[in-house]
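Chemist: Use these hints to put chains B and W onto chain X, whose structure you have.
These protein sequences, in sequence, are chains X, B and W.
Numbering that gives the first Met the number 0 puts the first residue of the first sequence at 0, with every later residue one more than the last.
Numbering that gives the first Met the number 0 puts the first residue of the second sequence at 0, with every later residue one more than the last.
Numbering that gives the first Met the number 0 puts the first residue of the third sequence at 0, with every later residue one more than the last.
Don't read these hints as lab results, they were simulated from the structure.
This list has only true hints and no planted wrong ones.
In the BS3-like style, the derived pairs of lysine-lysine whose C-alpha atoms are separated by at most 25 angstroms in a straight line are:
id, chain 1, residue 1, chain 2, residue 2
1, W, Lys238, B, Lys42
2, W, Lys177, W, Lys258
3, B, Lys21, W, Lys16
4, X, Lys49, W, Lys92
5, X, Lys234, X, Lys223
6, X, Lys368, X, Lys337
7, X, Lys205, B, Lys21
8, X, Lys158, W, Lys97
9, X, Lys205, W, Lys16
10, X, Lys378, X, Lys368
11, X, Lys337, X, Lys234
12, W, Lys16, B, Lys42
13, W, Lys16, W, Lys209
14, X, Lys205, W, Lys212
15, W, Lys16, B, Lys39
16, X, Lys233, X, Lys337
17, X, Lys368, X, Lys286
18, X, Lys205, W, Lys97
19, X, Lys337, X, Lys377
20, X, Lys49, X, Lys4
21, W, Lys97, X, Lys186
22, X, Lys233, X, Lys158
23, B, Lys39, W, Lys238
24, X, Lys368, X, Lys311
25, X, Lys337, X, Lys372
26, X, Lys233, X, Lys311
27, W, Lys212, W, Lys258
28, X, Lys307, X, Lys372
29, W, Lys92, X, Lys205
30, W, Lys277, W, Lys238
31, X, Lys233, X, Lys307
32, X, Lys378, X, Lys307
33, W, Lys307, W, Lys258
34, W, Lys97, X, Lys49
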Amino acid sequence: MAKRKRIGMEVALAAAEAVGMCNVDVAAVYPITPQSHIAEHLSDLVADGKTDTEYVTVESEHSSMSVCIGASATGARAYTATCSQGLMLMHELLPIASAMRLPIVMSVANRPVNAPLNILSDHSDIMPQRDSGWIVIFSENGQEVIDLTLMAYRIAEDKDVMLPVIIGIDGFILTHMVEPMEFPDQKEVDAFLPPYRPYATLHPDKPLTMGAFAMPDFFPQMMKAKDMALLNSKKTILRVWDEWEKRFGRRYRPVETYRTEGAEVLLVTMGSMSETAELAVDELKDKGVSAGLVKIRLWRPFPSDELKAAVKGARVLAVMDRAVSPGMRGAPVFTDVKAALYSEDSRPIIVNYVMGLGGVDVTVGDFVKMGEKAAKAKKEEYEFYGVMG
Amino acid sequence: MAAVTWQEISQGNIVLTPGSTKGYHTGGWRSLRPVWDNSKCIKCGICYVYCPEGCVSQDEDGYFMADLDYCKGCGICAHECWPGAIEMVEEG
Amino acid sequence: MSIVKNFDLYAPRLIDKVERLAAGHTACAGCGEALAARLVMKGLGGDAIVSCATGCLEITTSRYPTTAWEVPWIHVAFENAAAVASGVEAGIKALRRKGRIPDRDIKSVSMAGDGGTADIGLQALSGVMERGHDMFHVCFDNEAYMNTGIQRSSQTPFGAWSTTSPPGAVSFGQRTWKKNIPEIMVAHNVSYVATACPSYPLDLIRKVEKARKVEGPAYIHCLAVCPTGWRMDSSLTIKMGRLALETGIFSLYEVENGKYRITVDMPNPLRPVQDYLKLQGRFRHLTPDRIEEMQARVNLEIKKLMNKVDKLPSWPDLTE
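Chain X extracted, bound-state conformation:
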């Protein structure tokens, strides 16, 4: 594999650069901290003619998703980015985009939702979008942001997929970090990403109607079709990830593991916290705790098979959630993991640590503490790590 030049760049800018390499036709991005640098840098790229993109300076996130839907429906490659309140404002439109099978790509700079207002980092904005029918992939570091963004349209626009994709980028923790990263060159991206050739578009030469309403005689079938589309998309996601590995040497998997062989206690993480957890696993092992790490990369469609395989043999799972699901005594990743493992003959004890909310810094030491605690667990637990009282 040819050695490429690594450059230090703010991850948000790198995300915009990656979008700029994808020959996006229409971008409608409404600024919101901590995504704004993506919106701004993409603006710069358009202004300098580095990408031939219609940049629509919409007046709200609801309109940015509306513009993307309209543009995508004409056969244009559409992009947007948001997080937190912006994502919540778009919420109404997300199931529409997926039901209409429009391959929009959206970067989400994961940030807490009000109230109270908090501009930092957690996953509470993406969790309410769980049932939206979008493919959701989490990134762990800047290089992954570039890679996953470049792969997003390839996955979304595949004729066996035709679904919109969210790339999760932890707000501030990733977006505002300067990291050394490498970019493929434009020729390589062009070879990897074919032009968008949709099955049906809005054009007078072939008039059709999108967004018809449905009565009970068709509605349930449409919902099943939506579910099946998302479930079946995994095949394409794996295929695209395989191809990326062949071309660029970096491997992505729906569930990734770190030093899990023979491990008794497995930390289960998602997003940027995974890198920190890796260091904690090393430390735990040095301390004699039989620990390992399972990283969920593909959030939707949920990788049940891969998760089952990854946690086989473990006694305890310590699921880290960066969001709360009030009233459930279990946060979203925890409940999904539990549900996926329910039918297994042997099931681990699962403890849930809700941590890192509102941008709280979760250190290697914190993970070590949680790992040590989990190693002693005798039954299911649900705890807000670090919250006194």
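Modeler: Below, chains B and W without anything else, positioned relative to chain X:
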């Protein structure tokens, strides 16, 4: 409507046939229907213009009639007809 | 001033015969909105893409697996028809520039009711007009949220009954006057703003053709008489639109680069508003006092409009 399998639903629930509502005959709605008296008709076409269904058409001689498959019997054409050539007649 | 008295008599030769809104749609008998949409399509032609808001027009024309539309058409949600149309416009623009579709003019148009334009849809409309997209928006104003059951909107006339502004022991009906959306559009520097009514079909079609030709945003506010919601006989739809004009309740004008011009003359003197109100059940409860109040307000609104017609120069004239 016949039951369909989920696989038969078009991708994205797209309706591919423009104007396909023509398969639904709204003519079954009406209780009155328009009848033209061609001796009074001046062929102005205002009945054609004002029909919300767009179901009034002109024959080779220039006279007008409603397509009874779609006419809902609203009575606009009869009301607007300048020389009063259209009468709304009860169905049945 | 109409020179040829029977100009309208030669309608068949003056109107595009192609029907771009197919029959079989489930609009009420005598629906003014369905007729207005049908006539708008005659002015718009086939080289267009329509983005429609949730509402009467959308529901009656797009029940899966059928559609009444003979042009490409998309419905997304209630409040974003204009925003979706701006996305369509941006998409077509990019695709033409990049050579992915033939370089042919395709007009993006958004259609919404009074709710999807003036209330829940106002933000999207404002954003689109401010951004200057090459598209126009048509508001089919049937003066209430008709599709959901005749609830009031900001366009419901003063004193009118609606299910959320019903007259009762302590209420006389709708308490507010129509929000002036055409004026709001002029304030957005929209170069072509017009009002229309299907009772004056040639005026409507001409305005649609004009809006289509504008290279930039345009807006048409179209009165859509609703026999069902206004509680009147379905055969009176056209007459009601005429009475709206003749009483001064709805005026037909256009604003080109800030210059107001009446396009269909009102009688002088105007007919009393009572002539319009007495034919509609939604006004049946009004007392003579209330009607007098409405008459005074209609007179004022006409004065406001004529003041703009007489005094406001076009923007190009102002820059000289």
